[in-house]
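Protein chains: 2
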Amino acid sequence: MRSEINQALTEFVQGENKYLAKIGSELDPVSGGIEKFLLESGKRLRPIFAYAGVIGTGTKPTKELIRAFASLELIHVCALIHDDVMDGSDTRRGAPSIHKSFEKMHQEKKLVGSAAQFGISSAILLGDLALIWSAQMLHKAGLANDQLIKSLPIYDEMRVELMAGQYLDVYEQALGTQSVERSLKVARYKSGKYTIERPLHFGASLGGASTNLITAYTNYGVPLGQAFQLRDDMLGIFGDPVVTGKPAGDDLREGKRTALMAVTMERASPVQLKELSRNFGDPNLTNQQVSTLQSIIVETGAQAHIESMIEELTNTSLSALTHDEISTVGKALLTELADIATNRKI
Amino acid sequence: MRSEINQALTEFVQGENKYLAKIGSELDPVSGGIEKFLLESGKRLRPIFAYAGVIGTGTKPTKELIRAFASLELIHVCALIHDDVMDGSDTRRGAPSIHKSFEKMHQEKKLVGSAAQFGISSAILLGDLALIWSAQMLHKAGLANDQLIKSLPIYDEMRVELMAGQYLDVYEQALGTQSVERSLKVARYKSGKYTIERPLHFGASLGGASTNLITAYTNYGVPLGQAFQLRDDMLGIFGDPVVTGKPAGDDLREGKRTALMAVTMERASPVQLKELSRNFGDPNLTNQQVSTLQSIIVETGAQAHIESMIEELTNTSLSALTHDEISTVGKALLTELADIATNRKI
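So the sequences go chain by chain: A and B.
Just remember that this note's numbering sits 128 ahead of the position in the first sequence, which is counted from 1.
Just remember that this note's numbering sits 128 ahead of the position in the second sequence, which is counted from 1.
Hints may be right or wrong, so weigh each one.
The list makes no distinction among identical chains, and a pair is therefore deemed to hold if it is satisfied within one copy or across any two copies.
[Said to hold, decoys possible] Calculated pairs, DSS-like style, for lysine-lysine (alpha carbon to alpha carbon, straight line, at most 25 angstroms):
#, residue 1, residue 2
1, Lys150, Lys473
2, Lys268, Lys278
3, Lys191, Lys278
4, Lys146, Lys278
5, Lys232, Lys402
6, Lys473, Lys188
7, Lys268, Lys188
8, Lys232, Lys473
9, Lys313, Lys268
10, Lys374, Lys164
11, Lys268, Lys238
12, Lys473, Lys268
13, Lys232, Lys188
14, Lys313, Lys237
15, Lys313, Lys150
16, Lys191, Lys374
17, Lys232, Lys459
18, Lys238, Lys278
19, Lys278, Lys384
20, Lys402, Lys473
Calculated directly from the structure, the hints in this document are not laboratory data.
A quick note: this is a predicted structure, and the numbers were derived from the prediction, not measured.
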């Protein structure tokens, strides 16, 4: 299904790039920038969960449905491009982030004014455009009118929740204290609902699901979404740079306030706390310092605690799949996806 | 009609704010920020042109239609919030811009990390949310399904053109040279189509207009949109700060490359060019220096030239109103709007 999703994205973006080219060749870097960002990598998790959502209803995914599901990936492209500006991240998936690549273009073309500001402005607009394209891709998917109309409230709610979750995260990073409870709330909105529950609902609505089935998807999606985010937090600290495309311990340098770090802080000894408060969030950490902080996270038992939370949340999620309205093939796919979402290396 | 548009916006935003409040009180500044920005001022030009677009078809604007038209204002809120981040503008309509007000909140609450970065991140997210809300307001307007479906391609095209125009503008500012032709192209996309032509088409599509009528609106809207942007350029340099809410000569300090400045450069004497290249774009210009630059723009005849372009474009626009499918009351309203768009002080 991933290749079908990728094909739908390629066709859509290349069509829209032609539209931009008619406005002017100045827009070539815009077209090229989004196309490259979108097509060169990405797990397509949200389209895949939407796909699973419709499979679970027993409906066969048509080409039109695939296009509608694929459109979710463009919302994600907006979120990632804007996220990199907000975090000041220079790389994404091992390549320069959008604002960095436009900053570089400014330098290479010897344009006037601040290259960094040009990069940021371009990235804001490319993110906006990706958000608009996502809706346009859905509108043009070729769905029946009543199907499209029925899917719009879920689409809107998902997007509002995403932005609310992003703000909760930005605000959380700006608070002086850590809290497991607050970190889990951020995870619920920023990732849980937006990555899993709402894409499932979106697929379900397009497959004409019953209210009961929608509830079953919530029971599966919300805990799995939290587990997904907790895995993300672990990868941000223990992930293999070769696989993730991010420097080792990236979240340590960034000082990212996650549930994992909140548990670590709660459990740390005075000596460990001192070490943490001295180094956590220092962008210039050496690999040796990263390794020391990683050891503290392990020694406090925080890593093991989060692993067991992931396991527990995943089990809760899987138990919702016993619901008898979910098709057999849907159950198999959702079981596999739960494994992918929580045991991934990237 | 302005008060009906404002009422629809108030009702929508207050409803959505309740939704955000259910997620958490951390989002209160987000709700409050957009609500204040949206409701405290704004000319509502785009909803008004959409209103005129439907009036021209002879259709009576219902409450549902007003809601759909009003949704355009939220696209504009996104554009303005993001624009202020891109330009680094500290004020908007005489009040702090969104990124500045979140920066201030960060300082007042003594949050950790960079207050400026917190302001920018918040503004990116509030702009994204406004863009999402605009679509949600349209979807929830209560239109008939086929009406809504028919309006979506125009809505999408308008939003793509806006972002394309914004990028053309950012790129134009980064070029080392000025060009009247390029400035007019930026004006065509950034303002012309987005402010006038597409809102008219949007209204027309909701009123079930014929292809001929749509073409007549293009003939009216495109030149008027350019005239509107030329007036904007003039106000950016000669506008009364008391009325515009912006410092006198704001665009001179910002070094904004507009058609007005391109004509000035073309016509300037070597002495005038030297003065311009020394001071144009200096953020610390004194009022005396602003006044010297203003005199150069007048003395080169650029101001008079742009005034005559505005007049000519407005006349071309008005001549399109002879089209016999435009209702009499529509003609009267569109004539009045052409005057407002081109003779405004703000």
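- Pop the pair Lys232 and Lys459 into one bin, within, between, both or neither, using alpha-carbon distances up to 25 angstroms. neither (47 angstroms within a copy, 50 angstroms between copies)
- Message: At most 25 angstroms between CA atoms: does that hold for Lys313 and Lys150 within a copy, between copies, both, or neither?
- Response: between (45 angstroms within a copy, 13 angstroms between copies)
- Message: Checking an output row: Lys402 and Lys473, CA cutoff 25 angstroms. Within, between, both or neither?
- Response: neither (31 angstroms within a copy, 60 angstroms between copies)
- Item | Intra- versus inter-copy proximity for Lys237 and Lys313 (alpha-carbon distance at most 25 angstroms) | between (44 angstroms within a copy, 21 angstroms between copies)
- Task: Can you give me the call for Lys473 and Lys188, within, between, both or neither, at a CA distance of at most 25 angstroms?
- Result: neither (30 angstroms within a copy, 58 angstroms between copies)
- Task: Up to 25 angstroms between alpha-carbons, please classify Lys473 paired with Lys268: within, between, both or neither.
- Result: Neither: 35 angstroms inside a copy, 41 angstroms across copies.
- Task: Indicate which option fits the pair Lys191, Lys278 if close means a Cα-Cα distance not exceeding 25 angstroms: within, between, both or neither.
- Result: both (18 angstroms within a copy, 22 angstroms between copies)
- Task: With 25 angstroms as the alpha-carbon cut-off, assign the pair Lys268 and Lys278 to within, between, both or neither.
- Result: both (15 angstroms within a copy, 11 angstroms between copies)
- Is it within, between, both or neither when you check Lys374 against Lys164 at 25 angstroms Cα-Cα? Answer is within: at 18 angstroms inside a copy they meet the 25 angstroms cutoff, but 39 angstroms across does not.
- Within, between, both or neither, where Lys238 and Lys278 count as close if Cα-Cα is 25 angstroms or less: neither (49 angstroms within a copy, 44 angstroms between copies)
- Query: At most 25 angstroms between C-alpha atoms: does Lys150 with Lys473 qualify within a copy, between copies, both, or neither?
  - Reply: Classified as neither; 41 angstroms inside a copy, 34 angstroms across copies.
- Same-copy or cross-copy closeness of Lys268 to Lys188 [CA-CA at most 25 angstroms]: Within one copy, since 20 angstroms is at most 25 angstroms while 29 angstroms is not.
Figure legend: structure checked against the earlier numbered hints; hints not met, in rising order: 1, 5, 6, 8, 9, 11, 12, 13, 16, 17, 18, 19 and 20.
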